[in-house]
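Peer 1: Residue strings, one per chain:
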Amino acid sequence: MKKFNFSLLLIIVLLAFACEKGPDEIIENTDYITIDSLTATFYTVKAWDTTTITCYARGENLVYGWECDHGNFNGSGNQIKYAAGQCCIGLNTITCTVSNDSSQVSRDIQIEVTTYFDWK
Amino acid sequence: MIRIFLLSFAALLFFENSGYAQCCSAGNPFFYGEQANMAHKELQVIAGYKYSTSDTYYNGSGPISIDFIDKAYFNYLNLQLIYGITSRLSVQTDLGYFINKTEDYSKEGWTQSRGFGLGDAALTVKYLAYKNFSKKFSIVPSIGIKLPIGVFDQEVDNVKLPITVQPSSGSYKYLLNVYMNKGFNNPKWNLGFFGSFEYAQLIDSENFYYKYGNSYLFSIIGSYLLKEKFNLGLEVRSDNRGKSQREDDKIVESSGYNIVYTIPHISYSFTKKWLLSLNAEVPVYRYYNGIQMGNKFSVSAQLSYRMDFIKKLP
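Quick note, the sequences are listed as chains A and B, same order.
Here the working numbering is used: position 33 in the first sequence is 33, and no number is missing along the way.
If you count the second sequence from 1, you need to add 1000 to reach the working numbering.
So here's chain B without its partners, still in its complex pose (with noise of 0.2 Å):
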């Protein structure tokens, strides 16, 4: 069975091309295992940079030839922290920042686009709410708020950027989560289950009216402990957006998307505190309503410090 991890594992890594993803799409990008639950009084800190980049068209599942945008990027930085109010009660705060967000052109006498700044927030609050030990089974029901705290009108010499490279989403947004862990009798294995919906609330400003679709996210996660200090994970996500709205609530035919992501991830702890991840994001299925860009692939690396403020005994 390990072996076939592995297998998959290596496979996928380096398996550069062969689906996309949904790029420059508002809002702040997803990481690999946001569920985490922490422990009475412990918090964790974790630091995460994630590059994007995507230069095709598809129409539906199949690339089409658009003389548009040639390529679009970001580099985004997040900073995440997880803290322990209770043994079951844990409160996680997000805060992202585009150090770019970028459209450059194709079309004869267009200039790049780029937007950079802070990103949404969010706050989420998670409850333990079964854990059967013999079973070496966990539930963890959570439900959050993404706030658009960042920029969302960025000019630039006096000309508004296309949203598409505006930093924030512009929308509050509200989500319910559960995250399901299963442990087994050999503890190096681990698998989870992590689904997700999100309420867009409607944009409705002076100049503009728009509501995101809502979004469904499921992921199927598996790790391994290849050696102490090395993890081994691999997540197979499902993200899927339904179509947006614009002003007279027309529907925007062009919007929304199912794409099936596989995320090869692997962790070095350092020590027992300090814990270093590396992800790649390689889709292997996409759907996209219309004709929409799709994401060439995302590599993403976390830096995480855990503390806990319980008083030790002397």
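The shape of chain A in the complex, shown without the other chains (with noise of 0.2 Å):
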């Protein structure tokens, strides 16, 4: 019985080593990303006005990609400075891409851009 009880407890303690996450494994646990929310300080702004966009994500080693489909944008991280002349007036579009080692997450936003003459 001392034997079978000695034996199960090898076994035990064995298979709880063996079972130790390793170093691989927890950075494929933490490469996984979730973008919480993307946020703009105006929604709508008149052309060459500026808003700042913000995304806050979750992840380890985060790197943060901007582009957009009209308009300028500047500065980098996960804060950016966005403005577009009287060229881009309309519904533009940004997308914010959060990425690391080996994922990567999308999203967008829109910003409105309105006329320079006509602001209320």
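If you're looking for bench data, these hints aren't it; they were derived computationally from the structure.
We treat Cβ as the ideally placed atom computed from N, Cα and C, and that holds for glycine.
Among the hints, a few may not be true.
Which stretches of chain B does chain A cover? Using the computed rule of at least three CB atoms under 8 Å from a CB of chain A, they are [stated by the list, open to error]:
#1 1064-1071
#2 1105-1118
List time: in silico BS3-like cross-link candidates among lysine-lysine, alpha-carbon distance up to 27 Å [said to hold, decoys possible]:
#3 K81/A with K1107/B
#4 K1243/B with K46/A
#5 K1182/B with K1041/B
#6 K1250/B with K46/A
#7 K1160/B with K46/A
#8 K81/A with K1071/B
#9 K1071/B with K46/A
#10 K81/A with K1160/B
#11 K1211/B with K46/A
#12 K1135/B with K1227/B
#13 K1272/B with K1229/B
#14 K46/A with K1107/B
Just some of the chain A residues that point at chain B, by a computed CB distance under 10 Å [stated by the list, open to error]:
#15 W66
#16 N74
#17 G85
Reassemble the complex: the two chains are provided individually, in unrelated frames, and hints are given to aid placement.
Peer 2: So this is what it looks like as structure tokens:
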């Protein structure tokens, strides 16, 4: 019986060590990225006025990429400034892509740019 | 007549702030006198440099105060090869490279945007359709294509640069041109007319839907051989571009323009093969649709070398 118990304990210990998470598995778990929100200080701006857009995301070693169909960016990281001239009046789409070594998630936000002249 | 010509030339050369051109628009900038047709088996290699700067917004024809871009400028290199396949047929290639295409902002908290790299390439086929030796008159129609081989999605710190500083236009463009040349009994004088139509293909990518307006360009070029090696030229160019279109085929109201440039030009032939030319682009009339940034001035230099591949008789 004692021999059986010892063997059982040995197996349990071996299994416990065998199941310990290796470094690769830890990275795999933390590579998971979630974008919690993508917000702007203003969703409607006059031509050439600035709105600041912030992306809140969870994950490890995150890199933030930004692109838009019309307009200009300034800055980098999870917060950038956006402005567009009279050329870009309308509903413009800004895409934030958050990535790390093995994952990538994107989310869009739309900013309406209104004419320089008719601002009220 | 020559006095009037020289006086106009000198006035225009130093008349810096009289007008403004379009700056930092997409695609390679235009150079003075790109209409030459080559003789059979003759090759011309032209290396060009152009600097352009801009610091004023325009609403129609008049300036307007906008607090955004303080200064926009570029330094551009161009390599052009023109080869005479036959005595009537020539082929021309152009390749552009932007050393920089930069926007400095006046807006608080905004820092410089700077693009650089390969621009568009162009291939043009020219045909000497008509030549009358006694009347010293010739007509050279040509067709061409501009290829967006350069950089159109340049990023800095994973942030895409604005389209205005991307080196390539990102769009295929198709060209129809005609050049007419008229010589005179006095061989020192020469007159040319150049007309060009450019159709830009729609850019329809994952995040970008845009079509540049069509472009119409008309040019009158007069030149006078001042001395044996010095040549003076004056080009008057009307550059017109229609409005662009964005997604859902919406018209971009603040796009397109009509600008009339005067382009004084001076060239010096070191030898029969080497030629150096200097040009300044001075707009004398401009009208922008809506509000757009206009150019302050442009200057360019070109160095050209001719060689022929016809075997000389012993």
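Peer 1: So which of those numbered hints doesn't the model satisfy?
Peer 2: none
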